[in-house]
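Number of protein chains: 2
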Amino acid sequence: MKLHNYFRSSASWRVRIGLALKGLSADYVSVHLQKNEQFAGAFAQRQVSHLVPALELDDGHWLSQSLAILEYLDETHPAPPLLPRDPFERAQVRALAMDIACDIHPINNLRVLRYLKSDLGHEQAQVDGWYRHWVATGLAIVEQRLAQTAGTFCFGDSPGLADCLLVPQVYNAQRFECPLDAYPTVMRINAACLALPAFADTRPEACPDAG
Amino acid sequence: MKLHNYFRSSASWRVRIGLALKGLSADYVSVHLQKNEQFAGAFAQRQVSHLVPALELDDGHWLSQSLAILEYLDETHPAPPLLPRDPFERAQVRALAMDIACDIHPINNLRVLRYLKSDLGHEQAQVDGWYRHWVATGLAIVEQRLAQTAGTFCFGDSPGLADCLLVPQVYNAQRFECPLDAYPTVMRINAACLALPAFADTRPEACPDAG
Chain A
1 MKLHNYFRSS ASWRVRIGLA LKGLSADYVS VHLQKNEQFA GAFAQRQVSH LVPALELDDG
61 HWLSQSLAIL EYLDETHPAP PLLPRDPFER AQVRALAMDI ACDIHPINNL RVLRYLKSDL
121 GHEQAQVDGW YRHWVATGLA IVEQRLAQTA GTFCFGDSPG LADCLLVPQV YNAQRFECPL
181 DAYPTVMRIN AACLALPAFA DTRPEACPDA G
Chain B
1 MKLHNYFRSS ASWRVRIGLA LKGLSADYVS VHLQKNEQFA GAFAQRQVSH LVPALELDDG
61 HWLSQSLAIL EYLDETHPAP PLLPRDPFER AQVRALAMDI ACDIHPINNL RVLRYLKSDL
121 GHEQAQVDGW YRHWVATGLA IVEQRLAQTA GTFCFGDSPG LADCLLVPQV YNAQRFECPL
181 DAYPTVMRIN AACLALPAFA DTRPEACPDA G
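Taken in order, these protein sequences are the chains called A and B.
Per the working numbering, the very first residue in the first sequence carries number 1; after that it's consecutive.
Per the working numbering, the very first residue in the second sequence carries number 1; after that it's consecutive.
Calculated directly from the structure, the hints in this document are not laboratory data.
Glycine included, each C-beta is placed from N, C-alpha and C at the ideal position.
One should not assume that every hint holds.
As the list claims (entries may be wrong) - Okay, the calculated bits of chain A under chain B, using three or more residues with CB under 8 Å as the criterion:
| # | stretch |
| --- | --- |
| 1 | 45–56 |
| 2 | 59–70 |
| 3 | 85–91 |
| 4 | 112–121 |
| 5 | 141–155 |
As the list claims (entries may be wrong) - Derived list of chain B stretches under chain A, where covered just means 3 residues or more per stretch with a C-beta under 8 Å from a C-beta of chain A:
| # | stretch |
| --- | --- |
| 6 | 63–76 |
| 7 | 112–124 |
Starting from the given sequences, assemble the full structure and let the hints guide the process.
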């Protein structure tokens, strides 16, 4: 497999974590977003959304959308599981994941921030305010949900799907200097995850295209 | 079951369609977003995100996030299926659903449009431009993906998960007068879906709180 991704893309990091938790390896193919490589060459032809990550399977098929890729990995490589077995618990974990994947990340994605600056003419300070507003709104929700589900990790005492999303989102929040004191459960779980190689060894700074 | 939802919320309509495709019924509980009912009373206490829909199960548990709810319904009531059986095909359908659920809808959600107007001071024309930009960007991606998956419906010849998301998104696009001529496959599938009672009978205008 090949993972087309970018060191600083948090959606990419989710998949790097999922692969590592499963003990799977994939060749790292860098798509440098700041250099606009997502709009050029073979990547742009195959990944019509121009968004990273994309997982290229050994048979040549491509998969997109980080959450869909993680579900695929969980279905094709069931151990260790990313989701619990009970349908209600699975829904709880997926809802946590989507609180981040739907309701925080897309609103703060690079293309949206570019639109705020270039098309709507906002200064960087207003863009940063936008970013921090949606992080604060979203992490407050996640923090409350975790009160119902968390053990050492987002759901119980094994890392899983929601943790794959939580840690990259916290990383983004820290990069944009969002205040995080109001989310003690989020931050405790983030620390527990980063003590594991699957999270620490796949972090942005450890990627070949980091710079 | 009770579905806490709002007639004009496209995420709510997704779940209404999924329930109908499965032949399931749920009591309709209206949460009037324009009257800010999402911030008050029992709903606000149980649904920490203040977003609709939420599915209240017969045992008193609540589920949130429309896609997580649809996956739950598919796991607990497998026939007829919302997802194909093959893992790669499942990932294709989920990716289509997430092209809408992650990359179009949240950026154009009510709370984001309110932020653009109230916090950033934009006129309605700029807000409409924002809305149409993300619909155009997103539906262009969906249209290209459908070239690989579509039959009568988004995936093959049975309605499923992606259709549950596509039809409400097209409805939103039409409400905001987005040009849709560039997406003939999207519009053909939208028409095929709306010929089915599961879609037509759950449309916003048919809801008890429509007005």
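> Does the stretch 85–91 of chain A contain three or more residues whose Cβ lies closer than 8 Å to a Cβ of chain B?
Replying inline: Answer holds; 4 residues pass the 8 Å Cβ test.
> With a cut-off of 8 Å between beta carbons, are at least three residues of the stretch 45–56 of chain A near chain B?
Replying inline: Three-residue rule met by the stretch 45–56 of chain A, so holds; n is 3.
> Counting residues of the stretch 63–76 of chain B whose CB is closer than 8 Å to a CB in chain A, do you get three or more?
Replying inline: holds (count 10)
>> Quick check: do three or more residues in the stretch 59–70 of chain A have a beta carbon closer than 8 Å to a beta carbon of chain B?
In response: holds (count 7)
> Counting residues of the stretch 112–121 of chain A that have a beta-carbon nearer than 8 Å to any beta-carbon of chain B, does the count reach 3?
Replying inline: Answer holds; 4 residues pass the 8 Å Cβ test.
> Are three or more residues of the stretch 141–155 of chain A within 8 Å, CB to CB, of chain B?
Replying inline: Holds: 3 residues of the stretch 141–155 of chain A have a Cβ under 8 Å from chain B.
>> Using C-beta distances, would you say chain A covers the stretch 112–124 of chain B, given that this needs three or more residues below 8 Å?
In response: holds (count 5)
Comparing the model with each earlier hint shows no violations; every hint is respected.
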